[in-house]
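Undergrad: Sequence lines, in order, name chains A and B.
Numbering that gives the first Met the number 0 puts the first residue of the first sequence at 0, with every later residue one more than the last.
Numbering that gives the first Met the number 0 puts the first residue of the second sequence at 0, with every later residue one more than the last.
Keep in mind that the hints were calculated from the coordinates and are not lab data.
Every residue gets a Cβ at the ideal spot worked out from N, C-alpha and C, and that includes glycine.
Among the hints, erroneous ones may be present.
Said to hold, decoys possible - DSBU-like, lysine-lysine: derived pairs with alpha carbons at most 30 Å apart: (1) A/K69 <-> B/K84; (2) B/K84 <-> B/K25; (3) B/K84 <-> B/K26; (4) B/K25 <-> A/K69; (5) B/K26 <-> A/K69.
What the hints assert, rightly or not - Short derived list, chain B residues pointing at chain A, Cβ under 10 Å: (6) R91; (7) G96; (8) I98.
As the list claims (entries may be wrong) - On the chain A side, residues computed to face chain B include the following (Cβ under 8 Å): (9) W27; (10) W41; (11) L85.
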Amino acid sequence: MRAQPLSSLLVAALLLAILLDTAAQLLWKWAVAGLPDAADPWLLLRAVVGQPLFLIVAALFLLQLFNWLKVLDHADLSFAQPITSLSYVTVTGLSMLLFDEPLGLLKMAGILCILVGVWIISQGQPLTLPGTPESPP
Amino acid sequence: MNESLLGIALVTVCSAIEGFAQVCLKKSVLTALRRSFWLRVAIAFFVVEAVLYTGALHLLDVGTAYSVGALSFVAVALFSQGLLKEQVDGRRWLGLGLILAGCALVASQG
Chain A
0 MRAQPLSSLL
10 VAALLLAILL
20 DTAAQLLWKW
30 AVAGLPDAAD
40 PWLLLRAVVG
50 QPLFLIVAAL
60 FLLQLFNWLK
70 VLDHADLSFA
80 QPITSLSYVT
90 VTGLSMLLFD
100 EPLGLLKMAG
110 ILCILVGVWI
120 ISQGQPLTLP
130 GTPESPP
Chain B
0 MNESLLGIAL
10 VTVCSAIEGF
20 AQVCLKKSVL
30 TALRRSFWLR
40 VAIAFFVVEA
50 VLYTGALHLL
60 DVGTAYSVGA
70 LSFVAVALFS
80 QGLLKEQVDG
90 RRWLGLGLIL
100 AGCALVASQG
């Protein structure tokens, strides 16, 4: 339950969540772009192991996990999720700037649909009541 | 099958894996017994997903791959309805339908 007003700590954690998601995706793409164009899975595996960017991506995901648990400590999932889905906009926008990826009308309309869909889901009630004791099987 | 179709297929499989792994995570919270079993299963699926997503990023723009990955919302709903017996009401289906349509639009541009 979100009992407290929006604290600056929560705002910072939500911004950090968007930032980490975006950075992880862009770095992942950058790392993959640097892989050799080989079909041999063994060669590819060695290239992945030798590419420190993949380690940084893994570290970002770990950091994101801790940050996300922090967010959920202070906010409802249904409040936090639509806000962090803004990362669809930041990832697509920055990939356009950094990797010259095309952004057409269809893609923009699609991302808008996804954002509206996430928002609609977040307006509903979480059907599983919090604090309901679960009986062990 | 051309590269971008294969990439979209890979992201779709990743989303299904993500949905299943999330259900395993939820199971690890729900059950008093075999907690670490479900946690390990979830982590194993996340690792497989990461490998496949790396392949997808090789074939697709990251903007496309990440957006189509929103299919995981739909996968989570289907798996949690089927395996956890959670209810998915009309409003949630409407939102999921919009996400599905959005993914299709992004994918159609490639």
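Undergrad: Look at each hint and say if it fits the structure.
TA: Results of checking the hints against the structure:
| no. | hint | result |
| --- | --- | --- |
| 1 | A/K69 <-> B/K84 | holds (28 Å) |
| 2 | B/K84 <-> B/K25 | holds (12 Å) |
| 3 | B/K84 <-> B/K26 | holds (12 Å) |
| 4 | B/K25 <-> A/K69 | holds (18 Å) |
| 5 | B/K26 <-> A/K69 | holds (21 Å) |
| 6 | R91 | holds (5 Å) |
| 7 | G96 | holds (7 Å) |
| 8 | I98 | holds (4 Å) |
| 9 | W27 | holds (6 Å) |
| 10 | W41 | violated (14 Å) |
| 11 | L85 | violated (12 Å) |
Hint compliance for this structure: hints 10 and 11 are broken, all remaining hints hold.
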